[in-house]
Amino acid sequence: MKQEGNVRKSLDWVDDRTGLVSVAEHAMFHKVPRSAKWWYVFGSATLMFFMVQLVTGILLTTIYVPSAAEAYQSLIYIDQRIPMGWMIRALHGWSSNAMCVMMLIHMTQVFLHGTYKFPRELTWVAGVFLCLTTLGLAFTGQIMRWDANAYWGLGIGAAIVDRVPFAGNWLRSVVLGGPDISGATLSRFFALHVFILPGTLIGLIGVHLILVLKGGISEMPKVGQPIERETYREDYEKRVKKTGVPFFPDAARRDMVFCGAALIALIGIASWYGPIGPGPLPDPQSIEVAPRPDTLFLWLFAVLALLPPQTETFLILVGPPVAIALLAALPFLSPTGERAPSRRPLSVIILCIIVTALLVLTWLGIGSPWSPVMKAWTSIPTPVEYVRHRSPLELQGAIQLQYAQCRNCHSIGGEGGKRGPALDDVATRLSWDQLVRQIQQGGGNMPAYGKNLSSAETQALVAFLSTLDGGDLPATIPGAMEMQPGRDESPTVDPTAPLDEADASVASR
Amino acid sequence: MTKKTEETTATEETDPNPGSPCEGCDGANKGGRRGFLFAAGTTLLTVGGGLAAIPIVGVAIAPAEASDPNRWVSLGKPARFKPGQTVLVKFTNPWDSPTDGETNENVCYVRCIDPKTFQVFAVNCAHLGCPVEWFAQSRLFMCPCHGGVYYEDGSRASGPPPRGLFEYEWRIDGDSFEILGGRLPGLQETT
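One line per chain: the protein sequences are A and B, in this order. Residue 193 in our numbering is what sits at position 193 of the first sequence, and the numbering runs on without skipping anything. The number in our numbering is simply the position in the second sequence, starting from 1, with 1000 added.
The set of hints was computed from the structure by calculation and includes no laboratory data. The reader is advised that the hints may include incorrect statements.
[Claimed, not checked] Taking CB as the label site, the calculated pair distances span:
#	chain 1	residue 1	chain 2	residue 2	range
1	B	V1087	A	G442	19 to 29 Å
2	A	S455	B	T1092	43 to 53 Å
3	B	A1060	A	A265	21 to 31 Å
4	B	Q1188	A	E288	20 to 30 Å
5	B	T1043	A	D12	42 to 52 Å
6	B	S1155	A	S342	26 to 36 Å
7	B	G1041	A	G206	27 to 37 Å
8	A	K214	B	G1041	46 to 56 Å
9	A	G206	B	T1043	29 to 39 Å
10	A	K222	B	G1041	53 to 63 Å
Just so you know, even glycine gets a beta-carbon here, dropped at the ideal spot from N, CA and C.
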């Protein structure tokens, strides 16, 4: 009892000098609605993961060398030589992903429950900027790995900035810290990643929490209990005073349980999967790479592949500011009214569309069917069924199909690029003449090979493609079972005939 | 002295600035010594801030303000390039610093049409800057990111790129084949 009294006296003394104890006690023991249950844990989890980021990030900066000449090696050093260094990197990388996921779930919940409405408009606006800063940290964190993905990712960023009318070139130099990607670029992004963005984030978290305390934690939405400016504050205060519970320990119990479980899950994931990257060296001379962003930005990678080229620059430059402005303006566009999702069907539909679009684009980004498989022509074998009982000319065509890199964009036997259509049954879709024309003139997404293949090579290629009528499809290829087993008569060309004769044969078809 | 006494008396008798947060505060707009100090403080801070901003902004945007970073870089003797061939050639960035590491080295494609006619392409795709790969068999450049394809003369063949490959200026200076390199090529380049 006496000890408690001494503690209280000490706290009072600190509070008398600083005022901090009163603030902390208000934050801890302020009353929150009784209905604030499991839906409300995601904001706390986001903050908890940020704390993990902060601690592991500070540790990493004590060893990481932010120099383009040494950054990569210092990461390898952390992974391989520092005791548990790999775990710190793993925790930092995976908690970054976890923080982004929790933040997006938290935003989704706030949107779905209409919590952004009066009087919490600015809490939402601060949250939007928190979201942008967090995504900025995730992107700059990818650059810190200073591997091939980071190097070429910067090239992509520079190419986007370069599209800004008039000032693009200048802006690009400011972003890169020079005319090309170099040591100065890593230094700039290091400053952003460890000073500017975390500083901004801490400031915004402070504002966000002050606003949460000022506006009070919202109740679960109820049908028929719309927000009205004139009465909401008074009604909310009355309800919370009457039925509310102190944040600590009553409401905080769920946050503690969820955050604890999430932390243990993070440690498990980090231990199992280890640190993220680094990938191959950031060597501009090693061009045999296929740069890919982290999972979080794969949807953006997909958007950049799927946008119509004519609208690309406009949408890249105008789309993000408009989307951010709309997101920030949301509480001012819909400040009052019903909060219950069942009474806001348009909001629910918009949310479903956005979530579905992001998930589908991410899924597409993982498969990236628009990207050629650059090694397909040398690394993927031709299925045996496709070359059995073929004439020498057709076999020559099978070789030509590999040799001309057709497999980079087209698959046969289920393997190869997905940029162009699969060729397993191409003969059922295109006649001999159409195949010749398509190869020579291109079209759609295919380049014209007219100048790049000789007549003999085209002949052989078409002869082989004309045998691909689906009859040889292995049962594992989708649609194979529906194909007719019979084969059409494929055009035959005498392989021993002189070249000009073969040409005449093509011309006469 | 007389004026000062009058002012003091006025302050004591009536609140000179009813809107100010404390009694006796005269805010920023009132004349006299306090007004002068406020104006002087504002001016000095503005001037000081402006002076400090010169090096701060200067360093922040200094690289962008540098004069043309492109320099002539030698790729070796012209005779190393065989007519009809396109080859990947390494060169050192003329714009460098001691901490550039691997990024100090760069590459380009040199297409030798005949011993006196060349084309030199940047490896960066004109779409979003990914590295394009040359396939001598099909005589095409392909981009691994979004599928841009270019013909051997650098012109766009298919895919999303809005133009052909970026080209470096080149010259033969004596026994040296040189390109004008240094700046990362971008859509606002003229070549």
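Enumerate the violated hints, using their earlier numbering and listing them in ascending order.
Hints 3, 6, 8 are the ones this structure does not satisfy, whereas the remaining hints hold.
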